[in-house]
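Chemist: Taking the hints into account, I'd like the entire structure generated from these sequences.
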Amino acid sequence: MSITEKKRSFLLIAALILWFTFISMTKNAFSAAMVYIVNEGILTKTQTGSIVATFYLIYAALQFSSGVLADRWKPDVLITVGYLGAGIANLVIYLNHNYTVMLITWSLCAVIQAPVWPSVFKLATTRTHKDHQSRGIYLISFANSGGAMLIYFISALLPKWEYNFLMSACGLLLLGTFWECVRRTLCYSEELPRKRQHPTSSPSPIKRLPKGALFGVLSVLLLLGLLRGIFDTGVKGLIPTMISDTYPQLDPSFANALNVLVILAGLAGITLSHYIYPHFFKMQSTALLSLMVAAIIPTAVLLGIGRFHYGVIVAMLALISLLMCGASLLISYISAFFNWWNLGGTVAGLCNCVSALGIVVSNYVFPKTSEVLGWIGTIRIWVVLIVMAALFALLLIPIWKRFLKKYPPHHYH
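Residue numbers in the sequence shown follow this note's numbering, run continuously in steps of one, and reach 415 at the last position.
There could be a bad hint or two in this list.
Below, in silico cross-link-like pairs of lysine-lysine (DSSO-like), each with a Cα-Cα straight-line distance of 27 angstroms or less [as the list claims (entries may be wrong)]:
| id | residue 1 | residue 2 |
| --- | --- | --- |
| 1 | K132 | K76 |
| 2 | K132 | K407 |
| 3 | K132 | K9 |
| 4 | K162 | K47 |
| 5 | K47 | K370 |
| 6 | K284 | K132 |
| 7 | K408 | K284 |
| 8 | K8 | K162 |
| 9 | K403 | K132 |
| 10 | K162 | K370 |
| 11 | K76 | K8 |
| 12 | K162 | K284 |
| 13 | K284 | K407 |
| 14 | K408 | K132 |
| 15 | K76 | K9 |
Bear in mind the hints are in silico, worked out from the structure with no lab data behind them. Source: prediction; values computed, not measured.
Modeler: This is how it looks when you write it as structure tokens:
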């Protein structure tokens, strides 16, 4: 490619980061508003959690088909549709606070927004210059946590929780319209080729990946991703409520502000993960195991909540966020490998599907367990989850090693 095309590639990555950061921010609007909604008595923790859970249940169910659609159609157009539809949904919620209306509207928002991540992933890993693809995956990984951090920070500053949705609606509609101009300038208009072009030094591409080989890797990877999603969202999604309940001297706004620090630590975790693989660990699966095992210790320390100073608890939550966000980047690297067979969007969609299912489980289960078992009982469940995730990460190592040996990768590093 020419220098001009490299510049276009760089600008496309920058645009994808900005757009995915914003839509990630709006997806967390209910989680960020939960502590205020519950505090004002508008909805219970269970009702608010149910809205979030229903969103991600539908979102998860559509991830596979969304991934296939992003692989076979126009991912740039799917982003426009997702933005405009989500903008309308946020506007409806700003105007109407009825539980049923919010539940239905947020569910429809999940339908329209489902193809956005597979489309962003597909553009970043196939439409950009080959020298930018690894860096693109790495940088876009900041967008999800960065968006969540922004909405928690903004929620702590806004005078009313409803303004979360008004701001989201205006931003989504404006950026969705602007994306139409951006995509026509930065994205190629022709259809994506079904087979990626690779450097001549790379091994010859295998025309069709055997289903057995694909199933062997994905079955373990997706189970690991599910456990990681349940654990990560369960911990981070309930931080403001957990801190506010356990330390009544702290007001809800301060508890939300503390969550910003936790999410900020997650951004540092992405950089850590980018460094340890491949500089320290040569396989993504080995790096994944190291992060899962390391997360067991701070999770166990959380059992001292209420007895330890809240600063210690927040530090442990930040460490967990750091490790789990790093794990998410490694899963993205594994997904990008499957672009070799034009399956990158599909695999990314499946991984996002189980992550979303984890959000569903955590939002249905953990608000209830916090009410029935208390926070200590809930944290005990988290300890079990992270130990199970570490065991699946251990199981993934020999499977992924055999897979790489049989099907040499097109390197993204």
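Chemist: Could you tell me which of the numbered hints above are not met by this structure, giving the numbers in increasing order?
Modeler: 8, 12
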